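Peer 1: Chain P is already provided as a structure; the job is to place chain C on it using the hints.
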Amino acid sequence: MTDVNIIIEDLAVSGGDKVAKQVTFKGQLDETNVDEKSKIIYALIEQNPKNLNLLLDFEGLEYMNSKSIGYLTDWFSKISEGGGKIVIAKARPNIMDILEVVGLTQLINTFPTLDEAKLALLS
Amino acid sequence: MPSFDPLYLLYGGLALVPALIWLIFIFSKQGNKKIQIIIFLLGSFAVVPIFLLQYAFIQFPQFDIVSFANQHITNPHLNFLILYAWVAITEEIIKQWMIRYLDSKFLMVQTINDSIQFSLISALGFSFAENIFYFYQIGTNFGVGSLLVAFLFRSIFTTCGHLVFSGFFGYFYGIAKFSISIVEHSNLQGKKLWFSRWLGERFNISRIQAYQETTILKGLFTAIMLHMIFNYSLEMNNFTGNSLFIAFAAVFIIVCYIVLRQILKHRAGNLILIDEPEERRTSTMAKTDEEVVIELLGMWFNKAKYVDVLHICERLLKRDPNNRIVQLFKAKALDKMDQSHPYKNILGKMFSDDEPPAPPVQK
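Residue numbers (this note's numbering), protein chains in the order written: chain P, 560 to 682; chain C, 127 to 489.
Extracted from the complex, chain P is given alone in its bound form (with noise of 0.2 Å):
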């Protein structure tokens, strides 16, 4: 089974009913774990239906096989439906190019950096 570790931290926020966390990946999404790794996402979107804010850190994420993707979209939906909101920070080349051509940066921000994505979730 290849690893993958997943942690999830809390973003301030200022007021409101507003959370934000940053999830940082570590590893490699295949099909041996993404399945069982993908259940941490969708507990924290079970705990936060509403106004979640999600930054994905993906500076450690070497690979994500197809199932991760759908997975990605999946969470973009509910979040979305929530009035939440989802970036992606410091994706490595391989993985923005496959987002690029499954269409997900045109749905998801993308940025180069933690503190460029951080204030365009938090605004």
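Hints listed in this document are in silico derivations from the structure and should not be mistaken for laboratory results. These numbers come from a predicted model, not from an experiment. We put the beta carbon where it would ideally sit given N, CA and C, even for glycine. There's no promise every hint is true.
Chain P side only, calculated, beta carbon under 10 Å to chain C, not exhaustive [stated by the list, open to error]:
(1) M623
(2) S627
(3) I628
(4) T632
(5) I654
(6) D656
(7) I657
(8) V660
(9) V661
(10) G662
Peer 2: Then chain C, alone, in the frame of chain P:
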């Protein structure tokens, strides 16, 4: 030595009428006329081996399966079935052999629809030659009234029958010919193709080759079965005098023809699936990344997300314009979408196959 009866020319002219009408009706706007004429002529010569076979059975009756069945089987239905199974098998094998031979020589089949179209023309040639002999027999033995009835029925239904039988074979032959792309496409959709896998292991051949062989056999079997059902219904009409059988045969052929026309409308059938060596690996996307996207296409195609599939295909084709699998996904997604779907019309215009592909994006 038997002399040539000039009446054959007259009946040949008569047989040419439906052949030309069908030819115009089906192929008025498409294809290379020169190739169509060659295939038509060769298709008409396909009756020669059948006549030779019949002549051989007269010379060597001990090998005549139909006479053997007649002598040993008393049930008339079984006898008809054996007779028409034999007729269908010999005619369909010879017609399909002609197409396979021509294709192996001239590589004329580049799309599934090409395969159907060429099979139809070959069948039309065959039907034309067969009609000459039938019209001659009926005209000289039964008079003008019977000839007129035979002319109308054979021109419409029997000729259409030959078109349909061969057309279905052509469809399966096209699929078999492009089995590399089609098997890969099926794999991406999660189809296991168990039978081809089993056959491949059993006979120590690749799964693609096994798929190819079984698909050709499936086509041949379909053509033979349709041919048998049609001929058997006609014979039952003669045998029982019940005209319902002839009505069934006519409706049967019309329905088969409509199904075939629908198949010809599929965009996937018009895709050029010949793999040109110089077109390989022209993609500007890394192979592993492209594989991820193509897998996603398979997943979303199975989930009927055809609009998303279309959009991804369009973007991916800008990066890898010659990718047959992506082209197949795009065509099938368009085929799958409801014809009346307004989005399909818009996308169909946006993603028209007539447009030249966009230049590849440089990394």
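Peer 1: If a hint holds in the structure, say so; if it doesn't, say that too.
Peer 2: Hints versus structure:
| no. | hint | result |
| --- | --- | --- |
| 1 | M623 | holds (7 Å) |
| 2 | S627 | holds (9 Å) |
| 3 | I628 | holds (5 Å) |
| 4 | T632 | holds (8 Å) |
| 5 | I654 | holds (8 Å) |
| 6 | D656 | holds (5 Å) |
| 7 | I657 | holds (5 Å) |
| 8 | V660 | holds (5 Å) |
| 9 | V661 | holds (6 Å) |
| 10 | G662 | holds (5 Å) |
Hint compliance for this structure: no hint is broken.
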